[in-house]
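Engineer: With the hints as a guide, dock the two chains, each given alone in a separate frame, to form the complex.
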Amino acid sequence: MDMRALRPFPADYHDYVNTEEGWVDRRIFWEEEIYQQELEKIFARSWHFIAHDSQISKTGDFVTTYMGEDGVIGVRDKGGQVRVFLNSCPHRGNKVCYADSGNSKNFTCNYHGWAFGMDGSLLGIHNEHIYEGDINKADWGLREARVSTYKGLVFANFDVEAPELDDWLGDYRWYLDMLLDNEEGGIEFLPGTIKSYVNANWKFGVENFIGDSLHAMWTHDSGAKAMMGGEPFPPADQTDSYHGSANGHGWEFGTDGIADIAILGQPEVIEYYESIRPKMRERLGEMRAKIFGSLASASMFPNISFLPGLGTFRVWLPRGPRKMELRIWTIVNKNMPDRIKQLINKGTMLTFAPGGTLEMDDGENWEGNTQTNKGVITRQGKLHYGCGTASRIDHPEIPGIVHHGQYNDANQLAFYQRWADLMNADSWEDIPQRHEPRFAGKPTR
Amino acid sequence: MNKSVQHDHPQLPTETEPSSESVYLILLRQLNYEARLLDELRHKEWLELLSEDVAYWAPLATRRLRNEKTPAADPYSGFYFNDRKPHLRMRATRLDSGMVWCEDPVNHVRHLVSNVEVFDTDDTDEVKVYSVVDLHRSRLDSKSKRITYGRVDVWRQTDCQWLLTRRRIDFDHNGTIDSNLNLFF
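Protein chains in written order, with the working numbering: chain A, 451 to 895; chain B, 155 to 339.
Here chain B stands alone, though its shape is the one from the complex (with noise of 0.2 Å):
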């Protein structure tokens, strides 16, 4: 499989069994490294967590009845960001630039990463982790705003490290609930 092809409809493995405790060590360590990276606004660092290959993506939620026949709409169609390693470095370089007005103070973020699960998958060099994630973000006075969503991830071992590869992102909202989503979940 050519791991470096661009899919607009990035899929998602099966996963096999659960991983090995080691690794499951690993990517665990590897979550929360990330997740100061993401609070310290390290996002030149974070960046290099990715591979070349990344694809990043939030669908939307819709209220549907459960009873609904008709198809629901295509995920990709209408979602928040179905990003690829050039739409993420352009984000960063933004948020670095200085000239984000509304960064500026720049809010307090925590990503409180919770709820991992790791698990094999047919490649031998990528795992599949599902994570939960409550965000916590304030700025100016006493506004502060918490933002829960799950995580699907694919993480793969390369020579020298762990990459991300693929990263879908539940919200657990039925619309935006902060005024931006200026950051990376």
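Next up, chain A with everything else stripped away, as it sits in the complex (with noise of 0.2 Å):
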């Protein structure tokens, strides 16, 4: 029995989402036809994040990730620049390299042995005499990614006719440099990867670090209460607080400065931001000055997402629709003192990682609104989207779709337009611009 017959899938994925009722068709987060189109849709079209500079700085250095379910390899070349290649050797198909990361000057296929050099050229091939003229090995390297850097994040897209970085960050520039550039020397990552699996679609873990600043206060009770000495989280403060977003990326926010430093529960860490912040206000302004540190929280569509201030960073690899593997690193500033970097580096270990007493309760959550999906009647329903959709504001500052009050649905409507325009759109001419942008092609900071 074809099921589709008696519940047809839109061909408009817009009618999945429902901006102006604030809803979301749950079947989003199940549909393997879904997955198989936001995979070629989304995400063979997108910048990935790969590294930061800090983790690949040497010649040879690589790491090994994935851009969809694309395994990539990034390393740096004896230029200095960083190269992004598929994983996969075009003899047979195995993957080069199954290091998580390391240093080398080639990448050898387990198979027949053919060797890869660091700009992914088929370099030889174990006894290759017996080829006898059969290969041109020149036609036969790695499968190449476009790279592109903003402010030390090192990004990559297979894709030839997508707009350049700075064009696909857009206005969230100006969001984004109060991460990466609030203090001179910006960032760095501190070692180690951490991964866990989660059995949710890859979608809750963004959403819910792009606006669902509501959560915080009943998951999270306890785990905050345990890190700020038995304090819950402070009041929800809905004035002088906002959902920013732009091209589908998204950051809510407080302008208290501090509250999200907090979490951290190391008040050296919260003295040496106070201690930098009016350097910060001439870097960024007065108004992200106030912003950055505060109560927040943020994603870069497709699958990225920090804590700006507690120093989690991380992506959501899908792994299809019912499964992820979330990585996470901790970042600082570069030129901090290395006791602050440590205490930074603590704090988010016992807050937002697989053992932090606030990660902890999150996994849970998403892999409960996934797996019920699986009832056929359960996946006929819609999901509430619909908090503070009223709220649009126009603000003089902050730049993009910008909605009034944090505690809120915005970012996460915003999110799936995105979603829905692209995985809609044949060409990029197809997908819409959904704000008038401040910055295009200038800087933000």
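Hint data in this document are derived by calculation from the structure and do not stem from the laboratory.
Nothing here was measured: the structure is a model prediction, and the numbers come from that model.
Hints are not guaranteed to be accurate.
As the list claims (entries may be wrong) - Not the full set, but computed from the structure, chain A residues with beta-carbon under 7 Å of chain B:
no.	residue
1	646
2	676
3	799
Claimed, not checked - Pairs of lysine to any residue residues, derived as SDA-like cross-links and limited to a Cα-Cα distance of at most 20 Å, are as follows:
no.	chain 1	residue 1	chain 2	residue 2
4	A	892	A	847
5	A	601	A	732
6	A	555	B	219
7	B	239	A	792
8	A	645	B	217
Cβ atoms here follow ideal geometry from the backbone N, Cα and C, with glycine treated the same way.
Structural biologist: This is the structure:
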């Protein structure tokens, strides 16, 4: 029996996301057909986080990761550029690198010994003489992606038609500068990648960080009290807090400059940030110096998230529609004293890592959100995303689509709208610009 | 040596020779008792088995090639746990608060402790103990997980009892396979 005959899949992906009424169709968190479309229309066309410059600083330093379900290697070549290649041998398809990270001049396939250089070219083949001119090695290198960086974050994209990284980020750079450029020297990633596997749809992680401050007060009640000496989260402040969104990327935030940093449970880190706050004002202006460190969370489309001030940075790698691999790093400002870096590291591991007092509350919620949709009746329902939909404002300083009040579903809906825009589009010209950019072609700091 | 010094980078002592059989039996009994306290969620009693200067840590696993020449990352840079007694007390308090929703209803947990070896160290009060744990955890419907890991402990003999003073946990998984690590190992 063809179930689609009973309940057809809409051809227009905006039918899964209603921004007016504020709901989302549950099937986008479950169906294999929709997931395959996500891999084609979103993951194969987006700019993906590969590494931070500090993680692969020397020639031959490499990491392996995924762009969608496509395994890739990011390696710093002899000229100092990061190159990104498919981690799959063009002979029979095996991976050419099984390590998470390391330093290597070449990558050799385990199957027949095809060896590739830091530039992706096919250098040699084990017992190459057997080919007797049957192969032109110059034609059989590893497939290479476009690479671009923003303030130390290295991104890659296989779509030659995709906009430049700066345009993809657009006005979101105004926000991102708070994370990457709040102090001279920028940021660095501390060593160590934490991985965990969660039986949840990848979008639940992204949408949680992009705008769901509401869950924190309930889900994380025990964790917050543990970290803050029995004190719960501060009362919800809707008066001077916001949702900001640009091109599907989002940042929800307060303006007290301190609440997220306080969750680390490290008073010295608060003191440090207060000591650099005057300079931060000079660098980023009064508004952004007030935002950085507040109760906040953020995601970049499609699958990167972070907590500015708290120092956790992560990607949600899709592993089918019902499973994801979470990779987590700690980020610090490069010019911080070592002791402050260590305290931030301790704080992030105690809070937002698989052993962390706050992280541990989330995973099972997202698993439940996903796995209940196994029921066909359950899956027929919609999910409510209507909180604060009427709160849109124009703000003189904050760019993008701005909503008043950080307890809101606005950023989540903007994320799903961007999701539908890309799912529908056959070409980049078909993808609408959802707000008037303020910084097109201009630096944000 | 001042045993109360708190190290950010806890060390394990070198073993000298296998312990006496009587000490071995005492430690075996202690590990089994400890496992039962944890399985029965008797966290306060478990905390009493830990010395005040206890270090409890779980480094990250990274897949590196055997011929990798660059030094491995500092194992304390990223970690699952690097706790001291106040952290462990905080975790226990949180778990017992009744507000940890993903522990309500409670998980069924069994620590199966095996491969126990006990060695003397240069400190006559302390022994080094190796063990392997097969941890079974289940909750809600048929969902169950098995996490295996090795442990290297230091147990210290005091006037009245043996106390755990160091525990390194080495998970046998390249990533966390459960949605949380809301328990003691």
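Engineer: Tell me the numbers of any earlier hints that the structure contravenes, in ascending order.
Structural biologist: none
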